[in-house]
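Engineer: Input sequences plus hints: build the corresponding full structure.
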Amino acid sequence: MKKAIGDNMISKEWGFEKGLELVKQAGFDGIELWLGDVPWFQLSTADREVRELRRKVEDAGLAVSNVSTGLHWASPLSSRDPKVRAQAVRIVEREIETALLLGTDAILLVAGLVTEEVPYNEVYQRCLDALGQLGETAARAGVRIGCENCNAEHRFLMSPREFWQFLNDVHSPAVGIHLDVGNIHDTGFAEQWIEIHGPRITRIHVKDVMKKRGRCGDQSVYTNLFLGDNNWPAIRAAMTKVGYDGWLVAEMEARYRYAPDQQFYDTARAMDRLIAGRL
Amino acid sequence: MPRRQFLGCAAGTVAMGLWRLGRSPVRADASLTCVLLDLQRHGGLVESLSGYEAALTAAGVRWMRAGAQSVSPSPSSSRRAVLIVPGALEIPLPAVQAILSSLHAGASVILESGAGFAAGRDFAAHQVVLREQLQLRVEAPVPLWSAPARSRGIPYVDYTWPSPARIRDFSRVVPLGRQAGEIIARVDGLPVALKRQSGRGALIFLGSPLGPALWAGDGEARRWLCDVVARTEALPMAR
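So the sequence lines, in the order shown, correspond to chains D and P. Numbering of the first sequence is given in this note's numbering, commencing with residue 3 and proceeding in unit increments. Numbering of the second sequence is given in this note's numbering, commencing with residue 891 and proceeding in unit increments.
I should point out that these hints are in silico values taken from the structure, not numbers from a laboratory. Here the structure is a predicted model, which is why all the values come from computation and not from measurement. Glycine included, every Cβ here is placed at the ideal spot set by N, Cα and C. Take these hints with a grain of salt, some might be off.
To spell it out: a stretch of chain P is covered by chain D in this simulated footprint if at least three of its residues, at any positions, have a beta carbon under 8 Å from a beta carbon of chain D; those stretches are [to be verified]: (1) 926–937; (2) 1047–1061; (3) 1078–1086.
Dumping the calculated EDC-like pairs for lysine to aspartate or glutamate here, alpha-carbon to alpha-carbon at most 20 Å [what the hints assert, rightly or not]: (4) D:Lys85 x D:Asp131; (5) D:Lys4 x D:Glu23; (6) D:Lys58 x D:Glu15; (7) D:Lys85 x P:Asp1012; (8) D:Lys85 x P:Asp1117; (9) D:Lys26 x D:Asp274.
Structural biologist: This is the structure:
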């Protein structure tokens, strides 16, 4: 297994190059690039600029683990507005294009957003429709789409069986799950998600979660590895059971208030322990 | 072509008595047929068309999909049929002609507006065609979920004809202005659906799209559509 961390963890003041240096020094093998979340990687970033990002990543001795985006929170594939949906599709297409330019074979998206206004059944149907077509595009490009389990945040596909059925209905080998072991909160157990989805897992986001806290104002429910309630030995065992040997990608929400670079080192060490099974 | 669509088209083609498609008139049959007018790039809601296809297929109603150029009702028709125009935004002249000739021949036409999310200029064109070609007066789209209206908290359109039904709204509605005809649905007090006799037929205008709810499998929406189709023979309607 290889370990990566998101470039959205890099402080804007540091900039991309300095951030890459830190990521490498901390011991990571790669970096997850977040389309639209960082100034150096936007929808408007031209192909030659994306190639330049890749050069910088490789010069730093790293690889791109995958392309992710948070843009679908504002422009979901499940929107009722056809113009918003078209933009959502364009975001995924750009993720696929840039994945190829960056030398990686996986992208992340948030499949749909159930709201008081847009009901579950509509979201389900619209996501099936969109992902059926995008799956074909991804397959042609040799890229896998990982739909992230955002559980409580997108109020969609809340249980592992539900997600499994959804992927069955999408019925594309190019569409799987980007599993986030922190997002499950108190609705289940990450190790069971891993076991159910097995080969459909494209990447794994790692973070810990304080299951009993729930969201409270701006206080994060997420925390550093091993500080929360996830059963890490069980998670590691499930990875072994299903033969997952891909990227583990750190996704921290709460940041160190002081010495923010230390969080990179601490996270990398914790991931080493997780990979080695020394828990 | 998906199997469901193929089966629907096949059933529709066998049953075609009222409709001649292009240059290939088909064998007459007395069964009621629904024709889904596919506006293609002129439509505002692609999923609406899929919704009607799914609902009619599930209900065992004979239907077929046709482009505006290929729809022409047979003057020798003795029974009514239903022309459904799902998610209409831009309504090109051939589509207007298909609607008018269908009404003239005694068909029922369900015209569903897909203009709720349209930009200003596109909506204005939609409004003009409805007013000048079909004598339907509609007002600018109303967002039901924006802050001032949000307190209502009830996401349903209430239909009163042909049977009471409560169906999810679609975030924005195209309300009707004052005009002849019977208001058959309201949301938040706004009139959003109307039926009116037109020619020998009946025009049913939907300002809140039904197709997406049909597509999502809403049982009440599907029942309501079936009721409308079944009632088309019980017209004429109120002026």
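Engineer: Are the hints correct? Go through all of them and say.
Structural biologist: Results for each hint:
1. Coverage of the stretch 926–937 of chain P by chain D holds. Counting CB-CB distances below 8 Å, 4 residues qualify, and the rule asks for three or more.
2. Here's how the stretch 1047–1061 of chain P fares: 3 of its residues keep a CB closer than 8 Å to some CB of chain D, so the rule of at least three is met and the hint holds.
3. Under the rule that three or more residues need a Cβ within less than 8 Å of chain D, the assignment of the stretch 1078–1086 of chain P is violated, with 0 such residues.
4. About 16 Å separates the Cα atoms of Lys85 of chain D and Asp131 of chain D, which keeps this hinted pair within 20 Å; it holds.
5. Pair hint Lys4 of chain D plus Glu23 of chain D holds up; C-alpha atoms about 17 Å apart against a cutoff of 20 Å.
6. Restraint check: the Cα-Cα separation between Lys58 of chain D and Glu15 of chain D comes to about 17 Å, which is no more than 20 Å; the hinted pair holds.
7. Between the alpha carbons of Lys85 of chain D and Asp1012 of chain P the distance comes to roughly 13 Å, so the proposed pair stays at or under 20 Å and holds.
8. For the proposed pair Lys85 of chain D and Asp1117 of chain P, the alpha carbon gap of about 33 Å is over 20 Å, so the pair is violated.
9. With a C-alpha separation of about 14 Å, the suggested pair Lys26 of chain D and Asp274 of chain D falls inside the 20 Å cut-off, and the hint holds.
In this structure, the hints that do not hold are numbers 3 and 8, in rising order.
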